[in-house]
Amino acid sequence: MDEQVTLMIYRGDNVQGEMKEYKIPVAPGMVVLDAVHAVQATQAPDLAVRWNCKAGKCGSCGAEVNGRPRLLCMDRMDKYPAGEPIAVKPLKTFPVIKDLATNVSWNYDVNKKIPAFKMRDTKGEEPRFSQEEADRVQEFRKCIECFLCQNVCHVLREHDEKNTFGGPRFFVRTAGLEMHPLDDENRLDLLKDQMGLGYCNITKCCTEVCPESIAITDNAIIPLKERLVDQYYDPLRKLYRILFPAKKT
Amino acid sequence: MATVAARDTETSLGKTDRRDNWWAGPLATIIVLSGFGIYATFRAVYAQDYELGHGARVNQILPEHAYLLSPFFSPLILLPGMPAWFSPAFLILWAPGGFRLTCYYYRKAYYRAYFGDPPGCAVGEVKSGRYMGETGLFIFQNLHRFFLYVAILFILMLAVDVIHACLWPTTGGGITLGASVGTIVLAVNVVCLSLYTFSCHSLRHLVGGNIDCFSCVAFGQTRHKLWKGVSKLNKNHMLWAWCSLFTVGFADFYVWLVASQTIIDVRLF
Chain A
1 MDEQVTLMIY RGDNVQGEMK EYKIPVAPGM VVLDAVHAVQ ATQAPDLAVR
51 WNCKAGKCGS CGAEVNGRPR LLCMDRMDKY PAGEPIAVKP LKTFPVIKDL
101 ATNVSWNYDV NKKIPAFKMR DTKGEEPRFS QEEADRVQEF RKCIECFLCQ
151 NVCHVLREHD EKNTFGGPRF FVRTAGLEMH PLDDENRLDL LKDQMGLGYC
201 NITKCCTEVC PESIAITDNA IIPLKERLVD QYYDPLRKLY RILFPAKKT
Chain B
250 MATVAARDTE TSLGKTDRRD NWWAGPLATI IVLSGFGIYA TFRAVYAQDY
300 ELGHGARVNQ ILPEHAYLLS PFFSPLILLP GMPAWFSPAF LILWAPGGFR
350 LTCYYYRKAY YRAYFGDPPG CAVGEVKSGR YMGETGLFIF QNLHRFFLYV
400 AILFILMLAV DVIHACLWPT TGGGITLGAS VGTIVLAVNV VCLSLYTFSC
450 HSLRHLVGGN IDCFSCVAFG QTRHKLWKGV SKLNKNHMLW AWCSLFTVGF
500 ADFYVWLVAS QTIIDVRLF
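Going line by line, the protein sequences match chains A and B.
In case it helps, the numbering used here puts the first sequence at residues 1 to 249.
In case it helps, the numbering used here puts the second sequence at residues 250 to 518.
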């Protein structure tokens with residue numbers, strides 16, 4: 001194989017690193033993860049890269065290719081202009097463990113804050129819901145937790161609001177629970193006070209990078225924002241709730 | 250071999266490794282929105298040549314023509330004792346302006362274009378002080394649904410304007426049905442504004458998005474159908490936002506040209 005491609009790969013840790021240049025032969029159908037593996041196999045056996053399924057379903061191989069958050073295993077080499085080096089860097093929002101492997105454990109800490117599904121009282125009846133109701137929350141179950149949305153969200157990436165903001169991934173998870181027809185838990189206080197939903201200024205970067213094409217902003221974040229408006233900012237709704245208090249189920 | 254100290258986490262406006270033209274979208278937004286804002290402000294302050302035809306209330310221009318009213322001035326509110334410098338558009342434009350200002354799509358567009366917050370995805374931005382998002386000054390964005398209520402009323406009033414544009418005076422003093430290019434311009438504008446208004450995220454929430462269990466509430470199936478319908482329109486909310494911005498500006502411009510007798514509004518039938 002004569003055709004070669006130049007990869008510039010970040011080598012280092014969270015304190016210091018460098019962009020190292022590697023040249024590898026290109027094969028038809030190659031993805032960036034294949035190229036990184038070729039480097040690892042032939043030139044840099046100590047290169048750290050996290051991967052697992054190589055099918056875009058495990059969410060392990062997230063990195064930044066030419067500045068754009070991608071799953072390395074789903075990013076075809078032939079879409080990049082021939083002759084130009086391809087830069088591969090670790091996710092910027094999370095601390096680097098080594099090379100392209102980042103420490104995303106902060107996300108799991110956020111996840112623990114979200115109250116789990118709580119079955120509503122069906123008064124002895126068999127709990128049922130329709131396919132139409134299932135369809136809406138089903139979209140959120142597609143998330144593979146690659147954290148590309150967390151990485152690209154400017155509230156985390158640029159403003160580093162990790163103490164006050166949950167991030168799009170966990171708005172998706174919360175939306176899936178809040179909109180579940182059989183769930184009876186109220187997570188609106190959590191969304192407003194601990195997960196900082198109001199910090200999201202809906203710039204839709206999370207939606208743009210989602211490899212599962214989840215409409216994160218339109219179907220999860222904005223509906224949750226509207227529910228917060230119902231609860232906290234709409235005086236007509238408040239008046240309605242005073243006049244017609246909800247019956248306990 | 251470039252050494253990148255401390256992981257290159259420092260940021261500044263526009264700093265990115267992206268190689269595509271990420272700046273093109275925000276730049277286009279600035280040009281179009283600023284251009285529209287300047288034009289709308291000029292027309293509001295200018296406050297002339299905004300109506301014509303049979304039944305015009307300010308200037309009796311082309312009385313043999315059906316009534317055409319610019320959408321910037323509709324509904325035409327002329328309060329008694331209103332000073333001459335005070336444009337009736339000032340009583341109108343706050344509502345569609347507020348609707349667009351707080352619109353979920355436009356928020357994305359202008360946060361990126363005017364505030365650079367962020368200018369693009371994975372692009373550096375200016376950090377000044379504590380980040381507040383939509384919890385501080387921008388908490389007013391939560392009023393969007395109230396502007397929606399007013400916007401729906403405006404759609405009805407603009408539809409009435411289209412009906413007026415179909416009613417042509419006859420020489421005998423009666424009224425006959427007809428249409429001109431101006432009628433079509435106003436009608437297309439109402440269609441585009443309706444698509445924009447009825448694809449609104451807040452409307453989507455209000456008609457059914459706030460329900461978790463459609464089979465548990467009154468009119469659940471109807472509300473689910475409404476929610477599905479608005480959701481379908483909502484997928485192209487951005488497209489309707491730009492189309493309607495163009496048509497509303499063009500409708501005003503067309504009425505201006507006809508009312509100032511720069512062009513003739515051709516009657517089709």
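Be aware that one or more of the hints could be misleading.
[Unchecked claim] For lysine to any residue, the following SDA-like pairs were computed, each having C-alpha atoms within a straight-line distance of at most 25 Å:
no., chain 1, residue 1, chain 2, residue 2
1, A, Lys-118, B, Gly-469
2, A, Lys-192, B, Asn-391
3, A, Lys-118, B, Ile-460
Since the hints were made in silico from the structure, they are not lab data.
- Message: Going through the numbered hints above, which ones does this structure break? Give me the numbers in ascending order.
- Response: Going through the list in order, the structure violates no hint and respects every one.
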